[in-house]
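Heads up: the sequence lines are chains A and B, in that order. Take the position in the first sequence, starting the count at 1, then add 31; the result is the number in this note's numbering. Take the position in the second sequence, starting the count at 1, then add 31; the result is the number in this note's numbering.
Don't take each hint at face value.
The list makes no distinction among identical chains, and a pair is therefore deemed to hold if it is satisfied within one copy or across any two copies.
Unchecked claim - Straight-line Cα separation of at most 25 Å, DSS-like style, residue types lysine-lysine; simulated pairs:
(1) Lys-211 with Lys-170
(2) Lys-538 with Lys-174
(3) Lys-286 with Lys-272
I should point out that these hints are in silico values taken from the structure, not numbers from a laboratory. Every value quoted in this text rests on a predicted model; they were computed, and no experiment measured them.
There are 2 protein chains.
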Amino acid sequence: MVVLASGCRDAFLQQKREATMLVELLCLLVFSVRLAHYAKVIPRDKFWKDPKNICIIVVLLLTLTDMIIYGGLKAANCYSVRWSRVLRPLLLINVTEGRQLRRAFRSIRNALPEISYVFVLFIFSVLIFSLMALKLLSKRDLKTIEGTPYFTNYLEIVFELYVLVTTANSPDVMMPAYNKSSVFAIFFILYILINTYIFMSVFLAVVFNNYKKYLKEEIQQLVRAKRHKMVRAFGVLQEQKEGGQPVVSHENWNKLVRQVRPDISNAHKELLWRVCDDDNQGFIGKVAFVQLADLLNIEVITLKSRPHPLESIIPNLYQSGPSRLLCRVVQHWGFVIAFDLIILVNAVFIGLDEENPLISNSEWFFLAIYVLEILLKLYVFEPRAFFSKHSFWNWFDTIVVFAALIATIINSALKSSGGYTSRQVLDIVFILRVLRLIRVVDRIERFRAIINTLIRIGPAILTFGQLILVVYYIFAMVGMELFKNKVKFYEDLSNPESTYCGNPLLKGSTFAQLGYCKNNFNNVVSSFILLLELTVVNQWHDILLHKHPPMLTAVTHKSALIFFVLFHVLVVIIIINIFVAFVLEAFFVEY
Amino acid sequence: MVVLASGCRDAFLQQKREATMLVELLCLLVFSVRLAHYAKVIPRDKFWKDPKNICIIVVLLLTLTDMIIYGGLKAANCYSVRWSRVLRPLLLINVTEGRQLRRAFRSIRNALPEISYVFVLFIFSVLIFSLMALKLLSKRDLKTIEGTPYFTNYLEIVFELYVLVTTANSPDVMMPAYNKSSVFAIFFILYILINTYIFMSVFLAVVFNNYKKYLKEEIQQLVRAKRHKMVRAFGVLQEQKEGGQPVVSHENWNKLVRQVRPDISNAHKELLWRVCDDDNQGFIGKVAFVQLADLLNIEVITLKSRPHPLESIIPNLYQSGPSRLLCRVVQHWGFVIAFDLIILVNAVFIGLDEENPLISNSEWFFLAIYVLEILLKLYVFEPRAFFSKHSFWNWFDTIVVFAALIATIINSALKSSGGYTSRQVLDIVFILRVLRLIRVVDRIERFRAIINTLIRIGPAILTFGQLILVVYYIFAMVGMELFKNKVKFYEDLSNPESTYCGNPLLKGSTFAQLGYCKNNFNNVVSSFILLLELTVVNQWHDILLHKHPPMLTAVTHKSALIFFVLFHVLVVIIIINIFVAFVLEAFFVEY
Ligand code: NA
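Work out the full structure: start from the sequences and follow the hints.
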């Protein structure tokens with residue numbers, strides 16, 4: 032029976048493995064075709080000079096080799112590692128769309144030498160403090176709360192103090208010494224002051240300085256490259272005028288702009304030409320031509336004071352006394368305040384118990400009010416101006432209110448059709464309901480400035496998101512290879528194995544007691560969430576090596592710590608600091 | 032018997048109380064005398080216009096009133112609070128020496144309006160997320176690891192999510208929802224991204240911007256005030272010259288400088304005059320006079336290439352061949368590297384077991400080597416140049432080596448006299464021994480630059496230290512009034528009361544199990560250390576309200592949380608950010 036079941040499971044696993052490999056082969060094929068197409072379009076010598084293309088080819092070949100070796104070893108039932116998975120992000124980075132990502136990686140690479148000096152100094156400081164701790168505390172027969180000897184092994188002290196830099200084991204690491212004598216607190220206070228507060232600030236300062244320096248250099252380089260290309264374009268288009276100066280005629284200029292930006296209107300094009308040819312000569316010189324690229328990047332907002340469409344459809348009614356009064360009411364500041372108050376009352380109602388019929392029915396009232404508000408605004412303001420590209424909050428408002436309306440209708444239809452409530456629909460209703468409340472912050476000028484800055488840095492934050500995802504992916508792949516299935520999570524909590532995460536070594540461990548079983552490397556999703564928890568830093572030593580017995584040492588070898596310290600240095604010390612530097616700079620510029 | 036003992040204890044407490052009050056009265060007297068003297072020196076209207084003096088008088092009067100009321104109530108055996116203790120830091124801030132401290136407080140006050148806008152937005156975000164968490168999670172019958180209902184009370188959710196901003200309860204606060212479904216992790220990831228990473232960076236950005244803005248304004252104001260005063264001084268000293276322009280003669284100028292800076296040498300004074308009177312006219316005009324204040328602030332380093340004193344004492348020997356060879360050896364880079372290697376070997380020996388006689392005797396060898404190094408350097412380099420004001424590392428080296436020598440001699444004298452080792456002396460020996468190793472970083476140019484920046488910002492960090500101490504003092508005084516003796520620490524761990532910190536309400540609490548009893552408000556020292564732990568933030572919710580049963584609610588009222596949240600906002604969000612902004616700015620300027 033058992034053999035049969037195990038045979039079945041093996042067959043299932045093999046099928047799954049084959050399916051995964053098929054998908055992977057397809058991906059490889061897509062990348063290869065893409066590259067082949069690219070090689071056809073671009074001149075041959077240029078193609079081979081670009082390190083990005085070389086990188087893609089090498090990764091594709093390595094992945095193919097790895098798949099063949101893996102398939103062969105698996106067929107021979109040998110243990111094998113899919114090491115090429117770690118290389119996958121390189122494909123993502125090196126395609127043309129990864130330009131932002133490449134820039135982010137460059138800024139890390141550029142910051143590395145400076146950071147490494149501070150890092151060496153910081154590690155030196157940790158080592159010196161650890162040596163002092165060893166000399167001062169190892170011979171005092173102190174015990175940790177678990178009853179093990181306290182601060183007797185140098186390498187353990189170094190790790191504990193390294194963790195203290197992240198504050199994750201404060202105050203526990205201090206307590207045995209502090210309980211012995213208050214004087215020892217001085218040691219830890221100095222340590223935290225120097226290593227947590229000063230050194231971490233110095234890291235931020237160095238990262239920030241480098242970030243700004245290389246940003247400046249990169250922008251200068253871009254500007255120079257653009258200028259160079261524009262001069263070459265001028266060389267192609269130029270005509271010799273009687274004065275002897277080479278110029279570009281209005282006609283050629285028009286053709287060029289139509290090719291480069293077919294989307295811009297004639298009025299916009301005419302405006303740009305007027306700016307270039309400010310003497311109205313019918314042609315422009317080199318200097319005026321070169322600025323074209325910058326001119327095309329300027330966003331021209333067309334502010335048309337168009338009349339309201341209703342004014343042409345029902346002029347008499349729209350211009351009548353009551354209609355004018357309504358317009359004045361909607362534009363009055365009292366209208367805004369009234370709706371703010373309604374939102375606040377709504378917030379209280381949302382917080383109250385849903386099962387009370389009064390409360391659940393009040394939702395219809397609020398929805399009606401919000402829809403009415405939007406309709407009134409559309410009656411008063413010109414709809415195209417109201418829904419212009421830059422009216423973020425109007426879009427937000429309308430989408431959230433109408434989505435909430437639809438979701439609420441679906442929910443109550445489901446409910447009345449069979450007394451059945453879909454949890455998913457209800458969750459969406461709740462989320463939309465709460466999102467509506469955000470609207471209130473837009474009313475205050477100062478808040479709007481802050482929120483607008485946050486919205487503007489949104490796209491750049493997404494680039495950082497990509498960067499973090501790439502780094503997470505690499506660590507997740509390595510982590511899955513090292514720690515897969517060492518710790519198991521059971522949905523069914525009545526399963527006795529769930530009390531020790533399916534690993535007898537963790538019986539009675541605090542890791543299992545805290546319900547951390549799902550913090551594992553068994554699949555990509557849980558790996559990513561675990562890495563996020565390690566990024567947030569708190570409890571990271573507990574996640575890794577909760578005492579009684581040390582979790583990590585229990586399930587693998589102690590050297591696995593290197594993996595986690597490396598992750599901490601790369602993500603928390605470097606990437607998070609670049610992120611903070613980036614937000615700081617954005618606020619210095621915008622706010 | 033018991034009555035007698037308790038009577039004794041009361042008498043002892045009363046004596047102690049009386050002694051404290053006597054000391055306090057003496058302090059009040061000192062401050063009063065100081066103020067009276069100041070009032071005599073300064074013109075009357077100026078004295079009463081200065082808010083600092085008014086503040087000191089009010090605090091002195093309030094303290095006196097409080098002491099009288101307290102004494103009276105104690106005599107009548109009534110409960111009484113020494114509320115005026117909170118005012119004490121005001122005395123410290125308002126004396127003339129507190130100028131730096133006042134400036135630091137001003138920078139906080141100036142940053143407050145801007146910070147409060149971001150803070151309101153941040154709190155709004157926490158409230159919105161909490162409402163969403165309530166709607167999404169409260170009806171799913173989830174349980175925390177302690178078996179209590181998870182996320183069912185709005186205010187508790189707000190507090191838990193506020194704590195999550197500090198990352199102190201990550202990942203525990205997420206685990207019940209995450210164990211239910213991985214989808215809920217998205218909620219917490221978004222929360223941490225927005226509130227921990229973005230909002231905390233925005234706080235830093237706002238604080239940094241304000242810090243720079245007001246620093247600039249303050250410096251401009253100082254420069255203007257200085258100029259104004261110098262112009263007035265010029266008006267007093269001026270003489271009418273034949274040209275019609277008012278001038279100051281060399282003679283008057285000399286008198287002035289001698290009065291203002293009696294410490295500077297004649298050569299230095301002559302140099303300054305030459306700079307002012309660059310046409311060598313014998314008198315200077317208004318413009319040249321006004322820059323005097325800045326000139327006096329410039330530090331003039333006298334670099335004299337003095338011959339070595341031994342050259343005049345034993346010229347033949349000092350100039351002989353072997354002596355010259357010795358000088359060349361000491362100045363060679365190999366000499367530096369040899370000593371770096373010795374330091375590294377020394378570091379290994381320090382880390383090894385002290386009880387091995389080879390190891391403990393090796394200390395004499397290393398001490399001899401280090402003393403020899405210093406003597407050799409003194410032989411080669413001119414001693415006054417070697418010990419100049421700016422040779423920080425030479426001073427550091429010499430002091431540490433000779434202190435270690437003395438301490439080691441005392442230690443071995445004690446040991447040989449009775450086989451007795453004083454723990455304190457040994458600790459000092461260990462500390463000095465490890466400090467010697469720091470020397471190694473000075474050899475690398477890049478490290479020296481970083482260390483020098485850190486040393487240069489040292490004095491300003493001390494100002495921040497004062498600021499933190501003042502804020503800690505106020506919170507410690509209030510904390511002691513609110514929480515004194517609610518939690519007790521017993522030196523003697525065999526005392527059964529030590530397992531629950533002397534408070535039956537804490538029986539079986541994790542707070543007691545973690546050995547946190549010494550984290551209490553029973554005296555000034557432990558209050559300060561507890562506040563430092565709260566500044567470091569980690570485990571702060573655990574220190575306050577470790578579950579089974581919630582510690583804080585167990586020993587006091589829930590509203591005591593306000594005290595801790597207020598502390599967090601003031602110290603962690605404002606002061607620590609100002610500190611980081613300050614280190615950042617120092618590194619932007621210096622490095
Ligand atoms: Na933490």
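Status of the hints after comparison with the structure:
Taking the shortest alpha-carbon separations for Lys-211 and Lys-170, only the intra-copy value of 13 Å comes in at or below 25 Å, while the best inter-copy value is 47 Å. With identical chains, the CA atoms of Lys-538 and Lys-174 are at most 25 Å apart both within one copy (23 Å) and between copies (22 Å). Only within a single protomer do Lys-286 and Lys-272 lie at most 25 Å apart by alpha-carbon distance; the minimum there is 19 Å, versus 77 Å between protomers.
Hint compliance for this structure: no hint is broken.
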